[in-house]
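**Student:** The residues making up each chain are set out below.
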Amino acid sequence: MTSRSDKKRKLWVAAGYLVWAGALVWLLASGRYQAFLRPGFWALLLWALAILLLFAGVLFLSGRDFSLAGKGPALWARLGVLIVPLVYVLAAQEQPLGSHALGKRFFEPRYMDRFAGGGRGFVDLDDPRVTLMDILQHFSAYEGRRITTEGMVYRDEVVPPGHFLLFRFIIVCCAADAMPAGALVLGGDGDSFEQDTWVSVEGVLGLKQVGDLVFPLIDAESITRIDPPKDPYLFPRLF
Amino acid sequence: MFFKKGSAGKTSPSSAPGLLTPASQSLPNRTLIELAFLAFALGPLLHFGAGPFLGTFSVVFAAIVLEALPFLLIGSVVSGFLGGLAAQGRILRLLSKGGAKTPFLAAALGLLFPVCECAIVPIARKLMQKGVPPATAMAFMLGAPIVNLIVFGSTAVAYGLAWDFAFLRLLFGYCIAVFISFVFAFVFRGKEALLPSVSAFPIYDAVPEGGSGTFSSYVGKTRSALIHGAEDFLDMFSLLVMAAFVTALVHSAVDRSLFYSLGETPFLGIVVMMLLAVILSICSEADAFIAASFQLTLPLSAQMAFMVLGPIVDLKLIFMCLGVFKKRAILLVGGTAFLAVLGLMLVFDSYVRWALS
Numbered sequence: 005m006t007s008r009s010d011k012k013r014k015l016w017v018a019a020g021y022l023v024w025a026g027a028l029v030w031l032l033a034s035g036r037y038q039a040f041l042r043p044g045f046w047a048l049l050l051w052a053l054a055i056l057l058l059f060a061g062v063l064f065l066s067g068r069d070f071s072l073a074g075k076g077p078a079l080w081a082r083l084g085v086l087i088v089p090l091v092y093v094l095a096a097q098e099q100p101l102g103s104h105a106l107g108k109r110f111f112e113p114r115y116m117d118r119f120a121g122g123g124r125g126f127v128d129l130d131d132p133r134v135t136l137m138d139i140l141q142h143f144s145a146y147e148g149r150r151i152t153t154e155g156m157v158y159r160d161e162v163v164p165p166g167h168f169l170l171f172r173f174i175i176v177c178c179a180a181d182a183m184p185a186g187a188l189v190l191g192g193d194g195d196s197f198e199q200d201t202w203v204s205v206e207g208v209l210g211l212k213q214v215g216d217l218v219f220p221l222i223d224a225e226s227i228t229r230i231d232p233p234k235d236p237y238l239f240p241r242l243f
Numbered sequence: 008m009f010f011k012k013g014s015a016g017k018t019s020p021s022s023a024p025g026l027l028t029p030a031s032q033s034l035p036n037r038t039l040i041e042l043a044f045l046a047f048a049l050g051p052l053l054h055f056g057a058g059p060f061l062g063t064f065s066v067v068f069a070a071i072v073l074e075a076l077p078f079l080l081i082g083s084v085v086s087g088f089l090g091g092l093a094a095q096g097r098i099l100r101l102l103s104k105g106g107a108k109t110p111f112l113a114a115a116l117g118l119l120f121p122v123c124e125c126a127i128v129p130i131a132r133k134l135m136q137k138g139v140p141p142a143t144a145m146a147f148m149l150g151a152p153i154v155n156l157i158v159f160g161s162t163a164v165a166y167g168l169a170w171d172f173a174f175l176r177l178l179f180g181y182c183i184a185v186f187i188s189f190v191f192a193f194v195f196r197g198k199e200a201l202l203p204s205v206s207a208f209p210i211y212d213a214v215p216e217g218g219s220g221t222f223s224s225y226v227g228k229t230r231s232a233l234i235h236g237a238e239d240f241l242d243m244f245s246l247l248v249m250a251a252f253v254t255a256l257v258h259s260a261v262d263r264s265l266f267y268s269l270g271e272t273p274f275l276g277i278v279v280m281m282l283l284a285v286i287l288s289i290c291s292e293a294d295a296f297i298a299a300s301f302q303l304t305l306p307l308s309a310q311m312a313f314m315v316l317g318p319i320v321d322l323k324l325i326f327m328c329l330g331v332f333k334k335r336a337i338l339l340v341g342g343t344a345f346l347a348v349l350g351l352m353l354v355f356d357s358y359v360r361w362a363l364s
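Sequences listed follow chains E and F, in order.
Using the numbering used here, the first residue of the first sequence is number 5, and each one after it goes up by one.
Using the numbering used here, the first residue of the second sequence is number 8, and each one after it goes up by one.
So here's chain E without its partners, still in its complex pose (with noise of 0.2 Å):
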């Protein structure tokens, strides 16, 4: 038989898992879900959803036929980590991955021309917008071509002077695989924008060398900035 106190540990654990309900519904009614992962992703948080809720349910209805054991301090630690990462979602919510992120990842632009079925797309070259991810999978069309295209602001050592790398996350699953995707940019008024800047750049497509690594490199004639754009990341088409 389950006394008062086991039936209000019960509750207690249902309640962690209606909050995560709700962060839950509250990610997918706003679609910032998308910070973290990419769109199609809403199915199986809607699946989980449906779970929570359900474990909540019998867990409020559980009587007398179920004793719940843990208590005290091991209860309320295991809540605490059940609500940790929703802290953590909200402190990231409004900061999508930039520069300090592209930091601390391989860089490899010539590997883009075989992501996800690279080079097979359709490639409509009378539209003069285009992301980076086009770029890097359909180099050769665009070569030489007159183009614009949006990411943010990125400099280091490597970069060499008088240019900025504009660069963007490509997402698969989540942002814990995210690999960016960039060109150089040469001339404008780049030298005028700060690092993590959003920025919307129009220029001649062409290459460059720096070190061992070849570089899509954009000569621009206008480089503009921008608001964030609503999602931040590039999602490939997988199949």
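FYI, nobody ran anything at the bench for these hints, they're computed from the structure.
Watch out, some of these pointers could steer you wrong.
[What the hints assert, rightly or not] Part of the chain F face toward chain E, derived, beta carbon under 7 Å:
(1) Leu45
(2) Thr63
(3) Ala69
(4) Ala70
(5) Leu73
(6) Glu74
(7) Leu76
(8) Pro77
(9) Ala115
(10) Ala237
(11) Ser245
(12) Ser364
[What the hints assert, rightly or not] One side of the interface only, derived from the structure: several residues of chain F facing chain E at Cβ under 10 Å:
(13) Leu39
(14) Leu61
(15) Leu233
(16) Phe240
(17) His258
(18) Val261
(19) Ile289
(20) Glu292
(21) Ala293
(22) Asp294
The structure displayed is predicted, hence computed values, not measured ones.
Here a beta-carbon is modelled for each residue, glycine too, at the ideal position from N, C-alpha and C.
Here the structure of chain E is known, so what remains is to put chain F in place on it, guided by the hints.
**Tutor:** Chain F alone, transformed into the frame defined by chain E:
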């Protein structure tokens, strides 16, 4: 009475394991670890506020947890329903037989039940509690995250539809899973590799009042499965959160190009990529894209090592296994996997070089 007290191995309601029981029994210091984790996890956020490191860390940490959450929840539900499955179920009966053939079957079960490593541990734990020999459950646990069609597809896509390469990955993963299962069976007898909390409470078959086959019995079974799923989830989720935290710290603090610069020879390249796989703990359904980003800089064997070892041994899995297996069992599996993958990849590297020469 909700839980029917049966023959040996069944439990009554009063003795049925309650919420948190597995953890409190299996890891005496776990509460202390969790309290220390709480202090550390909430400390930096409160003290340092927003900054570039914390920004990267928060996004990666939250992303890993959110990505794993649905899989862990689904795994917990499956494990809850496994608890209520009749022991005579065909697959369960086959797996429970033991013997030399079962690891071969178990390691390939991912083809029927595609699960990633986030969901696999609670399912494997429940299988063992249902009477499946630990070595067989180990073959399933290590094999399923690689030997499944989703991983096959994502690997092929990441490598420009190289189906043969994707097939090789599945084959290597299958062989390693079966091999480790045999080593495990050779070293550990019965359930001696399991924590007392796992081996001591054999599964509680939930048979509600009203007998089997009635509507109320199905409702009762479902309710029982969900309650035990909720229990498994809280136990495993706490381990997952701590593993994701450590993994995100590495993602945010360690420069990946360091690993690249270390892997200049095939041997070092393989070792470095294996270490990277353990540390990064990337889902087996996405890790091929990371591996493929090294296509032009590291040998195929090093990329393959990353994709074969990661789903078998990574930080996330190690933390979650701490709630099921004794530490020496985890060390044995981890060490054996590391050496087996290293050996296999050195042979693979030699073959590739011979084929290209």
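**Student:** Now tell me if each hint is right for this structure.
**Tutor:** Each hint tested on the structure:
1. Checking Leu45 of chain F against chain E: minimum C-beta separation of about 5 Å stays under 7 Å; hint holds.
2. Below 7 Å, beta-carbon pairs count as interface contacts, and Thr63 of chain F has one with chain E at about 4 Å; its hint therefore holds.
3. Look at Ala69 of chain F: its Cβ gets to within about 5 Å of chain E, closer than 7 Å, so that hint holds up.
4. Below 7 Å, beta-carbon pairs count as interface contacts, and Ala70 of chain F has one with chain E at about 4 Å; its hint therefore holds.
5. With its C-beta approaching chain E no nearer than about 5 Å, Leu73 of chain F sits inside the 7 Å limit, and its interface hint holds.
6. For Glu74 of chain F, the shortest C-beta to C-beta distance to chain E is roughly 4 Å, which falls under 7 Å, so the interface hint holds.
7. For the restraint placing Leu76 of chain F at the interface with chain E, the shortest Cβ-Cβ distance is roughly 5 Å, inside the 7 Å limit, so the hint holds.
8. For the restraint placing Pro77 of chain F at the interface with chain E, the shortest Cβ-Cβ distance is roughly 4 Å, inside the 7 Å limit, so the hint holds.
9. The criterion of a C-beta within 7 Å of any C-beta in chain E is not met by Ala115 of chain F, whose closest approach is roughly 24 Å, and the hint is violated.
10. Here the hint on Ala237 of chain F is kept, as its CB sits about 4 Å from the closest CB of chain E, short of 7 Å.
11. Among the interface hints, the one on Ser245 of chain F holds; its C-beta lies about 4 Å from the nearest C-beta in chain E, closer than the 7 Å criterion.
12. A cut of 7 Å between beta carbons decides the hint on Ser364 of chain F: the least distance to chain E is about 24 Å, and the hint is violated.
13. The interface hint given for Leu39 of chain F holds, since its Cβ lies 8 Å from the closest Cβ of chain E, which is under the 10 Å cut-off.
14. With 10 Å as the threshold, the beta carbon of Leu61 of chain F comes within range of chain E, its nearest partner Cβ sitting at about 7 Å, so the hint holds.
15. For Leu233 of chain F, the interface hint holds, since its Cβ comes within 10 Å of a Cβ in chain E; the closest pair sits about 4 Å apart.
16. Nearest Cβ of chain E to the Cβ of Phe240 of chain F: about 7 Å, under the 10 Å cut. The hint holds.
17. Taken as an interface hint, His258 of chain F checks out: its beta carbon lies about 6 Å from the nearest beta carbon of chain E, inside 10 Å.
18. The beta carbon of Val261 of chain F comes within 7 Å of a beta carbon in chain E, closer than 10 Å, and the hint placing it at the interface holds.
19. Restraint check, Ile289 of chain F versus chain E: the minimum CB separation of about 5 Å is within 10 Å; hint holds.
20. Contact between Glu292 of chain F and chain E, as hinted, is supported at the beta carbon level, the nearest pair being about 7 Å apart and thus within 10 Å.
21. Below 10 Å, beta-carbon pairs count as interface contacts, and Ala293 of chain F has one with chain E at about 4 Å; its hint therefore holds.
22. For Asp294 of chain F, the shortest C-beta to C-beta distance to chain E is roughly 8 Å, which falls under 10 Å, so the interface hint holds.
Hint violations for this structure: numbers 9 and 12, all remaining hints satisfied.
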